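Trainee: Each chain, written out:
Protein chains: 2
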Amino acid sequence: MRQIFICEVGPRDGLQNAHHLMPTEAKKAWIASMATAGIEEIEVGSFVPPKLIPAMADTAEIVSFALTLPNLKVVALAPNVKGFERAVVSGAHKVTFPVSASRAHSLANVRMTPEQMVEEVRRCVELRSQLRANTDPEIEAGVSTAFGCTMQGEVPEDDVVRLAVMLAEAGVDCVALADTVGYANPSQVRRLFAKVRKEIGGKLEAAHLHNTRGLGLANALAAYEEGVRHFDSSMGGLGGCPFAPGASGNVITEDLVFMFESMGVPTGIDLDKLMEARKLMVAAIPEEPVYGHMALAGVPKGFRAAV
Amino acid sequence: MRQIFICEVGPRDGLQNAHHLMPTEAKKAWIASMATAGIEEIEVGSFVPPKLIPAMADTAEIVSFALTLPNLKVVALAPNVKGFERAVVSGAHKVTFPVSASRAHSLANVRMTPEQMVEEVRRCVELRSQLRANTDPEIEAGVSTAFGCTMQGEVPEDDVVRLAVMLAEAGVDCVALADTVGYANPSQVRRLFAKVRKEIGGKLEAAHLHNTRGLGLANALAAYEEGVRHFDSSMGGLGGCPFAPGASGNVITEDLVFMFESMGVPTGIDLDKLMEARKLMVAAIPEEPVYGHMALAGVPKGFRAAV
Chain D
0 MRQIFICEVG
10 PRDGLQNAHH
20 LMPTEAKKAW
30 IASMATAGIE
40 EIEVGSFVPP
50 KLIPAMADTA
60 EIVSFALTLP
70 NLKVVALAPN
80 VKGFERAVVS
90 GAHKVTFPVS
100 ASRAHSLANV
110 RMTPEQMVEE
120 VRRCVELRSQ
130 LRANTDPEIE
140 AGVSTAFGCT
150 MQGEVPEDDV
160 VRLAVMLAEA
170 GVDCVALADT
180 VGYANPSQVR
190 RLFAKVRKEI
200 GGKLEAAHLH
210 NTRGLGLANA
220 LAAYEEGVRH
230 FDSSMGGLGG
240 CPFAPGASGN
250 VITEDLVFMF
260 ESMGVPTGID
270 LDKLMEARKL
280 MVAAIPEEPV
290 YGHMALAGVP
300 KGFRAAV
Chain W
0 MRQIFICEVG
10 PRDGLQNAHH
20 LMPTEAKKAW
30 IASMATAGIE
40 EIEVGSFVPP
50 KLIPAMADTA
60 EIVSFALTLP
70 NLKVVALAPN
80 VKGFERAVVS
90 GAHKVTFPVS
100 ASRAHSLANV
110 RMTPEQMVEE
120 VRRCVELRSQ
130 LRANTDPEIE
140 AGVSTAFGCT
150 MQGEVPEDDV
160 VRLAVMLAEA
170 GVDCVALADT
180 VGYANPSQVR
190 RLFAKVRKEI
200 GGKLEAAHLH
210 NTRGLGLANA
220 LAAYEEGVRH
230 FDSSMGGLGG
240 CPFAPGASGN
250 VITEDLVFMF
260 ESMGVPTGID
270 LDKLMEARKL
280 MVAAIPEEPV
290 YGHMALAGVP
300 KGFRAAV
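Going down the list, the protein sequences come from chains D and W.
Mapped onto numbering that gives the first Met the number 0, the consecutive letters of the first sequence carry residue numbers 0 to 306.
Mapped onto numbering that gives the first Met the number 0, the consecutive letters of the second sequence carry residue numbers 0 to 306.
Source of the hints: derived by calculation from the structure; they are not laboratory data.
Quantities reported herein were computed from a predicted structural model and do not represent experimental measurements.
Careful, some of the hints might be misleading.
Claimed, not checked - Straight line, CA to CA, 27 angstroms or less: simulated DSS-like cross-link-like pairs of lysine-lysine:
#1 Lys93(D) / Lys202(D)
#2 Lys300(D) / Lys194(W)
#3 Lys300(D) / Lys202(D)
#4 Lys93(D) / Lys272(D)
#5 Lys194(D) / Lys300(W)
#6 Lys93(W) / Lys272(W)
Kindly produce the complete structure, drawing on both the sequences and the hints.
Mentor: Structural data, given as structure tokens:
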């Protein structure tokens, strides 16, 4: 029934960039409320050094809690082998790696070149088969700055395609294309997803879009029309953009859900319950800026969710 | 070279709904700066009774000034024969009529049923050929609430198609479809434009979209993909939405221009100069809420306008 698969990344991508720390218990309540609203996949945290990102220090505890929620795929980010090992121990269902297509961004973000990062991911794929954990986590590579980079500017599409191919060959289960800094436009989204799909087929899965320049939903529409069915988004566009004060962060979950539902494309998510979850989030970090039109305008009179 | 034709409606749709009055001289400077930025069509005011809408009381003077600007098509709204006569006297190049597809909205807005409003427009078309003015103004009918109505809820698509056909038969030069209250979704936009075009062909021209629920650009993209090349928009989403405090009004000119330019589709509009015009607008009504992502985030590094 569900035709769109949304992975809520607010607890990771949002909180990681937020100005305020959300207490662990509030995170749990928020994540539970989003699962209750019908979100079936949540990126709940990141296994990075707590000293680097204090907001992610409780990730193991959050993963552990999230695993108790029914029908929820629990995702954690890992930037390297060390983070992957912690993610496997935590029991996360899926681990996602940021692999930047921009050399400058890659060095700044993970202190490795894109090629070195691919090798890091390859080691994790190999490690997975050796670890004999209770559950082998799914491994995703998110190609970040795939549509442009604030440091490098333009990122050649061929670089993105080559990186996606290397990652597929390294054995990841799925690849996402990420517009990390909100540079993408709808034509580019269509073109790049088509190019990458031509090379790696069904391993190309999610669109991770940001709304920095207001094109988040238009880009999501373009991706949908190009066959994409998996989308990352964050509630309230949480986290904003460090380079553009006042601009929202990820594409906004509530608005994305509304767009698809209003088009008659079911997301499996209940908008009313999603708004309840948003209230929990806002109450937990009341001074953090949040975004989104649905929270202001509500659904149209006579609106019916898609079935 | 220009592939997208944008009609800036901020001085009319925006200021009509704004909380603050913009002084006449500031309006002139703002309109001139937008024309300088390359906007070739501006809806500068509305010939409604000044007592009803004080913000539009200076429309004749504004039209007169705008006619002195080179290469600018000057548009004025008229709600009836009386307004049309004033518009013709003013010398406006184009007169646009709001013809609501929702019976309830039509009665509330112009105190006429949709059918009575079509007759009013027909009288204006006939009047135009009798008036022998210096220039015969182009006549547009904007089918408002074409995608839904806050009073009536759903507006049947057949009602919109029938109304568009009646207006075409009444002799208008062009028909626009307006999402007056921001209810439209991309699928509906495609479907309705296709249906109406099938009946009235090239007389179907502009998409007048609002951004109340954040879908403004996604809907514009859908309309573009359906062949629409004329768009109404307002700088800064000016005017907001009376039913949703904090939500923007029309789709935002700056963001719309950026979307098309980044897609490689030229609008003929200079984004830097557009931002200068925005500064004039903000300075003239500094306490009025304005919206838009481009003003916060700027263009991407290495951005090139379309040619």
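Trainee: Each hint should be assessed against the structure and marked as holding or not.
Mentor: Hints, one by one, checked against the model:
no. : hint                  : in the structure
1   : Lys93(D) / Lys202(D)  : holds, 15 angstroms
2   : Lys300(D) / Lys194(W) : holds, 23 angstroms
3   : Lys300(D) / Lys202(D) : violated, 40 angstroms
4   : Lys93(D) / Lys272(D)  : holds, 25 angstroms
5   : Lys194(D) / Lys300(W) : holds, 23 angstroms
6   : Lys93(W) / Lys272(W)  : holds, 25 angstroms
Violated hint for the displayed structure: number 3, the only one.
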